[in-house]
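These protein sequence lines are chains S, Y, C and P, in that order.
Under the numbering used here, the residue at position 176 of the first sequence is numbered 201, and the numbers go up by one with no gaps.
Under the numbering used here, the residue at position 87 of the second sequence is numbered 112, and the numbers go up by one with no gaps.
Under the numbering used here, the residue at position 225 of the third sequence is numbered 424, and the numbers go up by one with no gaps.
Under the numbering used here, the residue at position 243 of the fourth sequence is numbered 442, and the numbers go up by one with no gaps.
One or more hints might be untrue.
[As the list claims (entries may be wrong)] Computed far set for chain P versus chain Y, every beta-carbon distance over 10 angstroms: (1) L212; (2) R232; (3) I264; (4) F303; (5) Q313; (6) Y318; (7) L345; (8) S370; (9) E381; (10) G383; (11) D399; (12) K477; (13) E483; (14) Q489; (15) N493.
[As the list claims (entries may be wrong)] Quick list of the computed label-pair ranges, beta carbon to beta carbon: (16) S:D175 with C:E284: 34 to 40 angstroms; (17) S:E39 with P:G471: 42 to 48 angstroms; (18) C:E284 with P:E344: 48 to 54 angstroms; (19) S:R36 with P:I500: 18 to 24 angstroms.
What the hints contain is simulated information worked out from the structure, not anything from laboratory work.
Where a beta carbon is used, it is the ideal one built from N, C-alpha and C, also for glycine.
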Amino acid sequence: MRVTKIKEIIRETERIRTFVFEEKVDALPGQFVMVWIPDVDEKPLSLSKHKGDLTITVLAQGPFTNKMAELKVGDKVGIRGPFGRGFKIIGDNLLLVGGGVGVPPLAALADKAVEEGKNVTAIVGAITASELLFVDRLENIGARVLTCTDDGTAGKKGFTTDLLRDLLQKETFDSCYTCGPEIMMVKVLEQTKAKGIPTQVSMERYVKCGIGICGHCIVDGTGQRVCKEGPVFRDIEVEKITEFGKYRRDASGTKVYFRNR
Amino acid sequence: MRVTKIKEIIRETERIRTFVFEEKVDALPGQFVMVWIPDVDEKPLSLSKHKGDLTITVLAQGPFTNKMAELKVGDKVGIRGPFGRGFKIIGDNLLLVGGGVGVPPLAALADKAVEEGKNVTAIVGAITASELLFVDRLENIGARVLTCTDDGTAGKKGFTTDLLRDLLQKETFDSCYTCGPEIMMVKVLEQTKAKGIPTQVSMERYVKCGIGICGHCIVDGTGQRVCKEGPVFRDIEVEKITEFGKYRRDASGTKVYFRNR
Amino acid sequence: MVDISTKISGIKLKTPLMLASGILGTAGTSLKRIAVFGGASAIVTKSLGVEPRSGHKGPTIVKSIAGGLISAIGLANPGYEAFKEELDIAKEGGVPVIGSAYGFSFREYIEVAQALESYGASAVELNLSYPNVGKTGAFYGKHTELSYEVVKAVKESVNIPVFAKLTANVSDIVKVAKACEEAGVDAITAITSLEAMKIDVNTGRPVLGNKVGGLSGPCIKPIALRCVYAITKEVDVPVIGCGGITTGEDALEFIMAGAQACQIGTGILTRGITIFKKIAREMEEIMEKQGYRNLDEIRGIAH
Amino acid sequence: MVDISTKISGIKLKTPLMLASGILGTAGTSLKRIAVFGGASAIVTKSLGVEPRSGHKGPTIVKSIAGGLISAIGLANPGYEAFKEELDIAKEGGVPVIGSAYGFSFREYIEVAQALESYGASAVELNLSYPNVGKTGAFYGKHTELSYEVVKAVKESVNIPVFAKLTANVSDIVKVAKACEEAGVDAITAITSLEAMKIDVNTGRPVLGNKVGGLSGPCIKPIALRCVYAITKEVDVPVIGCGGITTGEDALEFIMAGAQACQIGTGILTRGITIFKKIAREMEEIMEKQGYRNLDEIRGIAH
Ligand SMILES: Cc1cc2nc3c(=O)[nH]c(=O)nc-3n(C[C@H](O)[C@H](O)[C@H](O)COP(=O)(O)OP(=O)(O)OC[C@H]3O[C@@H](n4cnc5c(N)ncnc54)[C@H](O)[C@@H]3O)c2cc1C
Ligand SMILES: Cc1cc2nc3c(=O)[nH]c(=O)nc-3n(C[C@H](O)[C@H](O)[C@H](O)COP(=O)(O)OP(=O)(O)OC[C@H]3O[C@@H](n4cnc5c(N)ncnc54)[C@H](O)[C@@H]3O)c2cc1C
Ligand SMILES: Cc1cc2nc3c(=O)[nH]c(=O)nc-3n(C[C@H](O)[C@H](O)[C@H](O)COP(=O)(O)O)c2cc1C
Ligand SMILES: Cc1cc2nc3c(=O)[nH]c(=O)nc-3n(C[C@H](O)[C@H](O)[C@H](O)COP(=O)(O)O)c2cc1C
Ligand code: FES
Ligand code: FES
Chain S
26 MRVTKIKEII RETERIRTFV FEEKVDALPG QFVMVWIPDV DEKPLSLSKH KGDLTITVLA
86 QGPFTNKMAE LKVGDKVGIR GPFGRGFKII GDNLLLVGGG VGVPPLAALA DKAVEEGKNV
146 TAIVGAITAS ELLFVDRLEN IGARVLTCTD DGTAGKKGFT TDLLRDLLQK ETFDSCYTCG
206 PEIMMVKVLE QTKAKGIPTQ VSMERYVKCG IGICGHCIVD GTGQRVCKEG PVFRDIEVEK
266 ITEFGKYRRD ASGTKVYFRN R
Chain Y
26 MRVTKIKEII RETERIRTFV FEEKVDALPG QFVMVWIPDV DEKPLSLSKH KGDLTITVLA
86 QGPFTNKMAE LKVGDKVGIR GPFGRGFKII GDNLLLVGGG VGVPPLAALA DKAVEEGKNV
146 TAIVGAITAS ELLFVDRLEN IGARVLTCTD DGTAGKKGFT TDLLRDLLQK ETFDSCYTCG
206 PEIMMVKVLE QTKAKGIPTQ VSMERYVKCG IGICGHCIVD GTGQRVCKEG PVFRDIEVEK
266 ITEFGKYRRD ASGTKVYFRN R
Chain C
200 MVDISTKISG IKLKTPLMLA SGILGTAGTS LKRIAVFGGA SAIVTKSLGV EPRSGHKGPT
260 IVKSIAGGLI SAIGLANPGY EAFKEELDIA KEGGVPVIGS AYGFSFREYI EVAQALESYG
320 ASAVELNLSY PNVGKTGAFY GKHTELSYEV VKAVKESVNI PVFAKLTANV SDIVKVAKAC
380 EEAGVDAITA ITSLEAMKID VNTGRPVLGN KVGGLSGPCI KPIALRCVYA ITKEVDVPVI
440 GCGGITTGED ALEFIMAGAQ ACQIGTGILT RGITIFKKIA REMEEIMEKQ GYRNLDEIRG
500 IAH
Chain P
200 MVDISTKISG IKLKTPLMLA SGILGTAGTS LKRIAVFGGA SAIVTKSLGV EPRSGHKGPT
260 IVKSIAGGLI SAIGLANPGY EAFKEELDIA KEGGVPVIGS AYGFSFREYI EVAQALESYG
320 ASAVELNLSY PNVGKTGAFY GKHTELSYEV VKAVKESVNI PVFAKLTANV SDIVKVAKAC
380 EEAGVDAITA ITSLEAMKID VNTGRPVLGN KVGGLSGPCI KPIALRCVYA ITKEVDVPVI
440 GCGGITTGED ALEFIMAGAQ ACQIGTGILT RGITIFKKIA REMEEIMEKQ GYRNLDEIRG
500 IAH
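Okay, chain S solo, but in the shape it has when bound:
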């Protein structure tokens, strides 16, 4: 556990903020850190940049993340990590499919891929225009960005999976990377599997220790630890994860089933 200060806070949307810390990292896109707000709690958050100042992008959606939204520049937080397995860049033509706060780790991946001279296409979805994340950032590094919103306020009206279907009818990719709501990722995998595109998925499960010892982030089928063998899994691994798209365990280890959206 090391303590660092907030250097900068960027208001991305109404409920999403990016925090830049006075600490450097050199990690893999897809890896996460445990962020501690003293006397509050500690939660897993993905790196939204893989290199340079430690940066995370957080959706305020509950006690901890709301508290984060109240933090100010100069406030101290604790950091453990980076932890977990990140994305592996395979091939030259990469497709990224992200929804909501699933986009930040994909943005980090895009940075790295472009650095390595890869072609990046990103499908970015959100509920409404004001919630779309990192479209400019992705375009600025030279990625092709396709957007969609549930309400049609920006990009195509509909889901990322609709955009994906259209795209895959015309083009193919060396590999695909997806992060977002699990139901979305299930559908992404269905499509990329049908087209034979190797796909990597970033999964969220209830993380407590973050270092592979407590077992709270386990996934059924393989018994793998999301904090250690994940959060990024390859499609062939995901196929063996029997709970994928079906349920996840809460803080007590009780199964909570996803509602299809």
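With chain S's structure known, arrange chains Y, C and P with the ligands on it following the hints.
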């Protein structure tokens, strides 16, 4: 604590044995090891070779050392160390003055000095001829050896300090090294000081931890630890050790005064 | 050939190296993985209670020196009822599954133990001391009489072997062990993690969400070893050594101190899930070198 | 400028960093050296008894992991009478000298404490628990009532401040601390080394001559810290933190947990005799960075 086996036992005299172990060392002459006989005790013993197979030479004189004398080739003992500060070779013409089991660390020193191309003169004393230690070993490496015995059964009749007085009337040396009964070392120091020969002394005090933490081997005047800052001290240090030649502390820390011999 | 198999309360173990409770033990698939892939000879579930518990706020864990941990998970568990299906999956691992039970009353201990028996657990291990869950939590294992009563109550209620897991945060662990023996316990597991904490000097705040937690890992090994040595000297029921076991040498120390078997937890942090296989190989190598053929030859020889 | 001076029972300390009992403390010259050369702000003597004791057979010490030790010296000491002249020399160090006393009866504790007072010790620290010396030894500190009685008896017999040094090998160290407070103790030192052992797997024998010993050094720091935190929460007399303190950060953790001062022992092994100076500098650096000016600002802020 590491456990090793006895490889070879050499009967040097009636009460003195050399033990060679299945373990290598690379240490300084003058350094010591803690030797553990399981279920018996653990005691400090000087290295009688500074390099190669770990070798010690032991005078049977009490419960522990008598037990050592009963050990057989293949028996297991525990070793900690080497510990302490060893002898420092200064100059080209070296004089060694050893009495009894003070000779082994000096023999190790002679090995090293000859390796480095120095001239070595050794005064070796004992009570009687059969107790003289390492005379052949020293001569074999090319050292000049002067012997004496209290009873005159070998070499000059008398003490090492008598031999030393005669020698220093004719010759001088770059430095002197002494190990043996403390009363002898006091007299050696007196003489070398008068002649301005820098001298190093190897002192024995009650060693328990061997690593400088318990304080049982402390010497008055400086508060130095024999196991850490010693067992080898330079003459200028010894001058500040007020108890030198006067008393030592026993296992309880109680002062025990030397009887002049 | 060295044979490191053993037996505890009639339960055969291919090695003495079991998984400790609370380590990767909240789901059946995880337990199965530790058995099949990791090589554990038996697996102990996370401690289960009557109700689901979410446990403490984070941080729940902070690394300490030398591969050690200070943790305060707070007995997060889905409750025993949800664990029926987990236990079924765990059993697919092909090794004995030991159910760990905790309770806030005798009745709760009994309820959980009986359920675990009905689910097919090979034994039940009573977690008598969980330092991180309020005053009630730490209660039983700290009191000789209460330890006696809990063990007795559970022994009268189930037919599978009953193990008692003890804490070293007591004045005299041997006294507690003796009380458990009198109450009819089948084996004693010693020890659980030791009360500890970490303060961050930048903020002046305790790091753990629960402020205090339990120290586990290599640092507590010499303490656990002495407990096992002291208990096996005075008590006849088998003892399972636990606390900081990370290498084959560590495990052999416990066997030589008199332990029947070992449990491993935090060691997974530094040596991975396959630590059970690694330690088994290391034990065999050392024993081979010293000319020992089986664990009975060395068990308790340090006495 | 950061000021890390402090005061305990009216005794002024230039830093909170005192030498712990039993470390290089059997002779006056050694204590003086730790004060003058090492920079300790006060020195505690080896625990002294009525009679000289040779202590246990060797090995008396074995290194454990992470710079730690398991030791069983067995209270070797020359007896208090021989220590009069040692104390005179120790005082030349220019810092307060605290005499540590042990006894096998109340009468012995009183006898040693009175002697230490007459020799000019600034305070007497009662060693209430020495795990390595038979059953009688460990007796007092493990029993709340006996701890109370010893402290009370000594308090009634001397005028210098009386410190009680506690062991964490009890079910509830806070209870013992409270008993000492009720008995009028001036300060509490927590903790002494923890019961532990090491077995050599080549020979199957316990390494220490006494078989079991006490674990000290970095490994026990999280345990000691929790004790200090728990005691200062419930007890008003000042607490001296001891156990594994090796760096400025360690010392600050204890102050933040509520300690008035610290004692350092095993840390000398890895950082040398000047550890007191080194830690003082490190504390100042950290405090400077965080903008703290003195220890009162941070004492107990982790509560
Ligand atoms: C590997 C990983 C990376 C993540 N990266 C990001 C990110 O970059 N940005 C972001 O905004 N969020 C990210 N999350 C999710 C983030 O951890 C949760 O939003 C946060 O924990 C919610 O806590 P809360 O108290 O604000 O809300 P709560 O109301 O407690 O919970 C809101 C949601 O978050 C889930 N959650 C709560 N605690 C945890 C936990 N300890 N572990 C996993 N899920 C939890 C709940 O199950 C619920 O679905 C990530 C999660 C994981 C596992
Ligand atoms: C640095 C050092 C190097 C030594 N090197 C050698 C050596 O190379 N060969 C050798 O034969 N002897 C050496 N000795 C002495 C050796 O340690 C003692 O002979 C041995 O400890 C005696 O133990 P005992 O049980 O046999 O006899 P005891 O009857 O217990 O004692 C005999 C004598 O040894 C002293 N002694 C006992 N225990 C210790 C102890 N732990 N530390 C120091 N002195 C002790 C006693 O004070 C007494 O003078 C060395 C001592 C020291 C301090
Ligand atoms: C994260 C974690 C969770 C634990 N949970 C439990 C538990 O639920 N029940 C229990 O009896 N012991 C629990 N323990 C204690 C361990 O089973 C074990 O006794 C202790 O960690 C010492 O062994 P080790 O050093 O090998 O880890 C837990 C330990 C850790 C580190
Ligand atoms: C070699 C050694 C001897 C000790 N002797 C004593 C003693 O005589 N009296 C005492 O109260 N504590 C004694 N202790 C305990 C220390 O004073 C201290 O409480 C303990 O070692 C924990 O602190 P540390 O980790 O800084 O060493 C001794 C410790 C060691 C390592
Ligand atoms: S969060 Fe503990 S194992 Fe993954
Ligand atoms: S023998 Fe312990 S300090 Fe030297």
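Right, here's what the structure says about each hint:
1. L212: Nearest chain Y Cβ is 21 angstroms from P:L212, so the label holds.
2. R232: Its Cβ does come within 10 angstroms of chain Y, the nearest being 3 angstroms, so this is violated.
3. I264: Per Cβ check, P:I264 is outside 10 angstroms of chain Y; nearest 13 angstroms; holds.
4. F303: holds, 16 angstroms
5. Q313: holds, 21 angstroms
6. Y318: Since the minimum Cβ distance to chain Y is about 16 angstroms, P:Y318 lies beyond 10 angstroms and the statement holds.
7. L345: holds, 26 angstroms
8. S370: Consistent with the label, P:S370 stays out of reach of chain Y, its closest Cβ about 30 angstroms off (over 10 angstroms).
9. E381: For P:E381, whose nearest Cβ neighbour in chain Y is about 35 angstroms away, the distance exceeds 10 angstroms, so it holds.
10. G383: At about 31 angstroms from chain Y, P:G383 clears the 10 angstroms cut-off, so the statement holds.
11. D399: violated, 6 angstroms
12. K477: Correct as stated: the minimum Cβ-Cβ distance to chain Y is 16 angstroms, above 10 angstroms.
13. E483: The claim holds: P:E483 sits with its nearest Cβ about 26 angstroms from chain Y, beyond 10 angstroms.
14. Q489: Per Cβ check, P:Q489 is outside 10 angstroms of chain Y; nearest 32 angstroms; holds.
15. N493: P:N493 is indeed farther than 10 angstroms from all Cβ atoms of chain Y, at 32 angstroms.
16. S:D175 with C:E284: 34 to 40 angstroms: holds, 36 angstroms
17. S:E39 with P:G471: 42 to 48 angstroms: violated, 58 angstroms
18. C:E284 with P:E344: 48 to 54 angstroms: holds, 52 angstroms
19. S:R36 with P:I500: 18 to 24 angstroms: violated, 32 angstroms
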